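Enquirer: Based on the hints, put chain B in the right spot on chain A.
Protein chains: 2
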Amino acid sequence: MKNFDFKNPTKIIFGKGQIDKLKEEVPENAKILMLYGGGSIKKNGIYEQVKTALEGFEVLEFGGIPANPEYSVLINALKVIKEENITFLLAVGGGSVIDGTKFLSSAALYEGDFPWEILSQKIPTQKGMPFGTVLTLPATGSEMNSGAVITRAETKEKLGMGGPGLFPAFSVLDPTVIHSIPSRQLVNGITDAFTHVLEQYMTYPSGASLQDRFAESILQTLIEVAPKVLNNPKDYTAASNFMWSCTMALNGLIQKGVPTDWAVHAMGHELTALHGIDHARTLAVIAPSHYKFNFETKKEKLAQYAERVWNITEGSLDHKASAAIDRTETFFQELGIKTRLSDYTKDYHGTAEEISKRFTDRGWLGLGEHQNLKPEDVEKIVKMSY
Amino acid sequence: MKNFDFKNPTKIIFGKGQIDKLKEEVPENAKILMLYGGGSIKKNGIYEQVKTALEGFEVLEFGGIPANPEYSVLINALKVIKEENITFLLAVGGGSVIDGTKFLSSAALYEGDFPWEILSQKIPTQKGMPFGTVLTLPATGSEMNSGAVITRAETKEKLGMGGPGLFPAFSVLDPTVIHSIPSRQLVNGITDAFTHVLEQYMTYPSGASLQDRFAESILQTLIEVAPKVLNNPKDYTAASNFMWSCTMALNGLIQKGVPTDWAVHAMGHELTALHGIDHARTLAVIAPSHYKFNFETKKEKLAQYAERVWNITEGSLDHKASAAIDRTETFFQELGIKTRLSDYTKDYHGTAEEISKRFTDRGWLGLGEHQNLKPEDVEKIVKMSY
Chain A
21 MKNFDFKNPT
31 KIIFGKGQID
41 KLKEEVPENA
51 KILMLYGGGS
61 IKKNGIYEQV
71 KTALEGFEVL
81 EFGGIPANPE
91 YSVLINALKV
101 IKEENITFLL
111 AVGGGSVIDG
121 TKFLSSAALY
131 EGDFPWEILS
141 QKIPTQKGMP
151 FGTVLTLPAT
161 GSEMNSGAVI
171 TRAETKEKLG
181 MGGPGLFPAF
191 SVLDPTVIHS
201 IPSRQLVNGI
211 TDAFTHVLEQ
221 YMTYPSGASL
231 QDRFAESILQ
241 TLIEVAPKVL
251 NNPKDYTAAS
261 NFMWSCTMAL
271 NGLIQKGVPT
281 DWAVHAMGHE
291 LTALHGIDHA
301 RTLAVIAPSH
311 YKFNFETKKE
321 KLAQYAERVW
331 NITEGSLDHK
341 ASAAIDRTET
351 FFQELGIKTR
361 LSDYTKDYHG
371 TAEEISKRFT
381 DRGWLGLGEH
391 QNLKPEDVEK
401 IVKMSY
Chain B
21 MKNFDFKNPT
31 KIIFGKGQID
41 KLKEEVPENA
51 KILMLYGGGS
61 IKKNGIYEQV
71 KTALEGFEVL
81 EFGGIPANPE
91 YSVLINALKV
101 IKEENITFLL
111 AVGGGSVIDG
121 TKFLSSAALY
131 EGDFPWEILS
141 QKIPTQKGMP
151 FGTVLTLPAT
161 GSEMNSGAVI
171 TRAETKEKLG
181 MGGPGLFPAF
191 SVLDPTVIHS
201 IPSRQLVNGI
211 TDAFTHVLEQ
221 YMTYPSGASL
231 QDRFAESILQ
241 TLIEVAPKVL
251 NNPKDYTAAS
261 NFMWSCTMAL
271 NGLIQKGVPT
281 DWAVHAMGHE
291 LTALHGIDHA
301 RTLAVIAPSH
311 YKFNFETKKE
321 KLAQYAERVW
331 NITEGSLDHK
341 ASAAIDRTET
351 FFQELGIKTR
361 LSDYTKDYHG
371 TAEEISKRFT
381 DRGWLGLGEH
391 QNLKPEDVEK
401 IVKMSY
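Those protein sequence lines, which keep their order, are chains A and B.
Using this note's numbering, you'd call the opening residue of the first sequence number 21 and step up by one each time.
Using this note's numbering, you'd call the opening residue of the second sequence number 21 and step up by one each time.
Chain A extracted, bound-state conformation (with noise of 0.2 Å):
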């Protein structure tokens, strides 16, 4: 196991009924800036419930932050913000949402002209505005972490944030918000959550059998109440395991100690850029290619998780690692999600060439659990998913 320091200060309220806890979370005289996306909360009932939880706050409000929160977007509720003096951000939202907010934050007491450095200077958030949550979408985790994914449609370019000053100060987590989200964003979350429990996993072993297990409980979870979730989003059980195992995937708990490798979301979030993509779909895409290409350095974790997850117990290591590649691929498509990237656009070739060029460019060489993979392996890992 390796060393690690882990800290997560975020308050999580669960449960029925629990966004009208809200008035007790939002700190007193707090001038408040209410975040959400498409308006999808006014037709749900999110957006009264939240409203009335806030009954006696001062509350503004800013809509329209798109799916892949866009810079030039957020950089007009910064102004809101500055302008009216808020002091407390509450995201209603997905994790773009919450990612755009915390985006916010961070930007709010940023003393530079030119945010955008946040992410491109790569500045680690100490302390930014304070904020909080109320989750309409399980599938991020960014409810309970401190990382952001910002994009600027003027550079196609998607960049990650982050820092001990971005875990929300609360979040609330209400399973009954799933009754009305389309099975096409259902889907996209258990994608979403189910890849990030494997880029903390699928690296090599490390001794820490403890988070292995943990990541092993997340992904049984998830395989569990995936069928049931997308038949029933009324599944009150169902739909609470999947909202908990999306927060708990990316909360950091089971990343510590741990090799990691985010190659699988860096590339994905070049596809989203470049053909605007569903996040999870192109994770989806992008996995099974991933491990093909790096099977030797990870067939053992891949037998592993073969044989813990799958029930995958018959035949030599390599053929249980195997195994599990096609039946993680499977599993996606039983979701209804397309795992190849000519299935979502007929404008991909070049789609490798040109994300090896924004690595090399970005000196983004040595993506993996190893960092040994280099632009030229991006591209051919790339050009398996066509």
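Keep in mind that the hints were calculated from the coordinates and are not lab data.
The model shown is predicted, which means the values in this text are computed figures rather than measured ones.
Any given hint could be a false lead.
A pair counts as met if it fits within one copy or between any two copies, since identical chains are not told apart.
What the hints assert, rightly or not - List of simulated lysine-lysine pairs, BS3-like, C-alpha gap at most 27 Å: (1) Lys-27 - Lys-147; (2) Lys-43 - Lys-27; (3) Lys-142 - Lys-377; (4) Lys-41 - Lys-142; (5) Lys-22 - Lys-36; (6) Lys-319 - Lys-248; (7) Lys-71 - Lys-27; (8) Lys-22 - Lys-248.
Expert: Showing chain B alone in chain A's frame:
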């Protein structure tokens, strides 16, 4: 899954060589009272490491906190805190030293004249004097939770306390401390952590699939590493999994959203108070009888535990559930722990009646996950353990 709130702000600093990081974690200008137990830290080098890390700080010391931290001893430490205007407490020890430090953290800011009231009147601590810990004995999980148990010899009482103000600011977990721990204490630690998980798991199925799997993960890991740690405490991989498992067993995570049943601990504490038996061993004495007595209400979870943790997959549900109780008792015995009260004292007659009477006197009716165990049931369970 039940509704829950979860927040755990303790910073964990895990790994070899991490004690040196103390100097970055203690507040600047702190006047520190360093608390420890019987002096083993002076033999195993931890005392020196801590003192070296704290060079430049003003550090006073208070040693001699006994196992089952004793109120009258702690009152002497409280005098030092007040007379010397201490601002930060540093526990260097196992669960007893950390629990004692939590009492002092609370008592230092308590406004009444008789701080035993914090325990006898169950007053939750909203704010305590800040403190950190250097864990020297994995077992209780006290290093990452906000609870403590304090003993008072004068009245033969052992009571719990807690509150959101009692999380350590930080805890340093260096698995190499295990090198010098006597096997009796290692065995106690494994048994204590194992039983902590059982108390949060062995109730009735509540649809909390992820929490169940996390609990099973800790149990499986403890079973896997126990013989390795006992055979060679310098096996760093085993030691680190043992240490992290003990912390995760009682940091709040696995008890969120599920019913819990702390009856084994409640009865065990009385055996320690009455007969001076090591805490962990009281749990191994009580647990099998408790599960046998409450077989009907717990058998579904017992059978799940049988299958997933012990790989007992044959036979009826009742058979598997029963076999799981036997296997658990055998596990304790394999560790070298005796599982009958009469193994520890010839003076056991009347113990069951005395414990039952104490629970009645304190109004402790309704133990167990259904709050339906009566003092006469407690009497029967303790008698079954003779």
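Enquirer: Honestly, which of those hints from before does the structure not fit?
Expert: The structure breaks none of the hints.
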